[in-house]
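> Could you build the full structure based on these sequences and the hints that come with them?
Number of protein chains: 2
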Amino acid sequence: MSVEALHEGRLCDAGTAQSRALHYGDGVFRTLLWRDGAAIDWALHHDKLVRDCAALSLDPPDGQVLADDLALLMRGRSQAVAKIIVARRAGGRGYQARERAGERWVLAYPAPAPRAADYREGVVAALSTVGLSEQPLLAGIKHLNRLDQVLASRDWAADVDEVLMCRGDGAVVCGSRSNLFAVRDGGLITPMLDRCGVAGIMRHRILDCAARMNLPAREAVLHPADLLAADEAFVCNAVIGIWPLRQFAARTWRAPGPVTRALMRESGHPLVLDHVG
Amino acid sequence: MSVEALHEGRLCDAGTAQSRALHYGDGVFRTLLWRDGAAIDWALHHDKLVRDCAALSLDPPDGQVLADDLALLMRGRSQAVAKIIVARRAGGRGYQARERAGERWVLAYPAPAPRAADYREGVVAALSTVGLSEQPLLAGIKHLNRLDQVLASRDWAADVDEVLMCRGDGAVVCGSRSNLFAVRDGGLITPMLDRCGVAGIMRHRILDCAARMNLPAREAVLHPADLLAADEAFVCNAVIGIWPLRQFAARTWRAPGPVTRALMRESGHPLVLDHVG
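From first to last, the protein sequence lines are chains A and B.
Per my numbering, residue 1 is the first one in the first sequence, and the count goes up by one each step.
Per my numbering, residue 278 is the first one in the second sequence, and the count goes up by one each step.
Misleading hints may appear alongside valid ones.
[Said to hold, decoys possible] Selected chain A positions facing chain B (in silico; Cβ < 7 Å):
no., residue
1, Met1
2, Leu6
3, His7
4, Ala21
5, Arg77
6, Glu103
7, Trp105
8, Val106
9, Leu137
10, Leu147
For the record, the hints were derived by calculation from the structure and aren't laboratory data.
All C-beta atoms in this analysis are idealised placements derived from N, C-alpha and C, irrespective of residue type, glycine included.
See the structure below:
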């Protein structure tokens with residue numbers, strides 16, 4: 001007899017129920033902002049999707065096919081968040097990947113409702129008590145194994161906007177849904193992502209901005225004490241753009257500081273530009 | 278506008294497409310053997326499912342509901358493998374878990390085709406080049422984040438039956454789909470699972486057998502050198518039962534050794550009993 005499946009007690013499509021995304025998280029994803037008929041930073045998103053697929057030995061969907069999916073789903077939406085998931089097709093029971101072919105989901109969510117104060121006065125970050133698990137083969141990849149982030153998102157204090165997560169040696173790597181930058185002596189420092197963490201496209205874009213602006217920028221091992229000693233700090237992702245930090249643990253900043261403000265303007269991210277003059 | 282979703286370019290049910298199993302691997306699972314009208318070790322499986330759900334703050338489905346699902350799906354199958362997945366219900370975008378309620382999938386797969394030699398002469402294990410990521414909050418839990426095991430299952434040599442995986446300090450923790458035991462001076466040693474690995478129900482059952490047989494048994498940090506020095510070794514899981522090791526790296530054993538053979542009989546696992554006299 002062949003494979004059969006029940007979902008909530010009802011017979012369901014066995015192909016869908018065998019998805020390796022469901023069983024193992026064997027796939028990658030992108031979360032992006034849609035605005036006025038276009039996916040913001042589409043070229044960067046697609047390039048990162050292709051590279052993340054390669055890390056899992058997965059053939060990525062054609063870029064035009066994804067662009068067509070987005071256009072279909074976004075008809076009638078002026079602003080929205082889209083999520084693209086590419087997962088390995090089912091091919092029998094067991095961990096062994098028998099397929100390189102991916103299947104794709106594209107989802108459209110209601111537009112985010114940004115708070116002006118997050119951009120104009122900054123947000124509050126705290127250190128998560130949940131550490132990041134380290135798998136060097138997956139470092140930097142935006143894959144579907146996200147329980148670290150789910151665990152870190154439980155039990156936040158009400159006044160906290162983002163939690164920062166550390167690796168085993170105590171170095172800060174990223175926020176639960178963002179990359180992190182510190183500003184020190186007029187230069188940028190962002191954590192190394194060689195053991196864990198996601199190399200997000202907004203992080204990439206900010207490093208490009210820094211190069212254009214002749215701002216020194218480097219990747220480094222960044223401990224909480226280094227962040228406490230920073231002149232400015234901010235977190236970023238493709239949906240929110242850049243959020244300056246106004247507080248981390250006992251440290252407060254007047255946010256955004258001058259370097260962060262200049263980067264916010266240079267970034268060209270539409271939600272950021274809505275709020276910085 | 279509400280959430281909409283495409284799967285492979287076609288509009289699909291947005292509820293299914295938002296499953297937190299798909300997006301984050303936010304759930305747990307069980308793989309079990311069905312034989313002659315019953316799930317082998319159902320009580321142990323259900324107990325472990327309830328405990329694994331609790332680790333993710335997830336309400337488990339009622340045991341009778343799951344038993345009814347299995348009975349419906351297994352009608353007409355004398356032997357099969359069943360998989361139960363319990364994942365958190367979707368509740369908005371983002372990592373934060375807003376729901377404790379789980380949704381369930383139950384799948385039936387064709388019966389395994391055991392090879393008599395695996396039980397009577399043993400199997401070959403090799404050390405995986407892929408390490409286990411460590412998340413103490415998830416240690417022992419059979420959750421849906423399984424990329425470590427997917428990566429470890431690539432590129433096996435053709436004569437290898439199972440790969441053993443190590444944690445960061447080099448200690449051996451488990452097989453890619455099994456737990457590991459070494460026999461030394463007439464007693465059992467199985468790796469500690471306080472940092473990573475799954476505490477499988479066959480491991481549990483073997484420790485119970487050892488107690489009944491007055492065999493000393495302990496959990497310990499087990500390095501590859503300790504395994505090479507063992508008198509006997511075996512791997513186990515709920516589907517295969519017990520596979521004695523006849524080779525690990527350069528070490529060979531005459532398998533099964535006397536302690537392993539006694540445990541195979543005492544275990545009462547039907548596939549094992551099919552092959553040991």
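> Each hint needs a verdict: does it hold in this structure or not?
Here is what the structure says about each hint:
1. Met1: holds (6 Å)
2. Leu6: holds (5 Å)
3. His7: Holds. Min distance 5 Å.
4. Ala21: Constraint on Ala21 of chain A satisfied, holds at 5 Å.
5. Arg77: holds (6 Å)
6. Glu103: OK, holds: Glu103 of chain A within 7 Å of chain B, min 6 Å.
7. Trp105: Holds: closest Cβ of chain B sits about 5 Å from Trp105 of chain A, inside 7 Å.
8. Val106: At 5 Å from the nearest chain B Cβ, Val106 of chain A passes the 7 Å test, so the hint holds.
9. Leu137: holds (6 Å)
10. Leu147: Holds, because the Cβ-Cβ distance from Leu147 of chain A to chain B comes to roughly 5 Å (cut-off 7 Å).
When each numbered hint is compared with the structure, no violation occurs for any of them.
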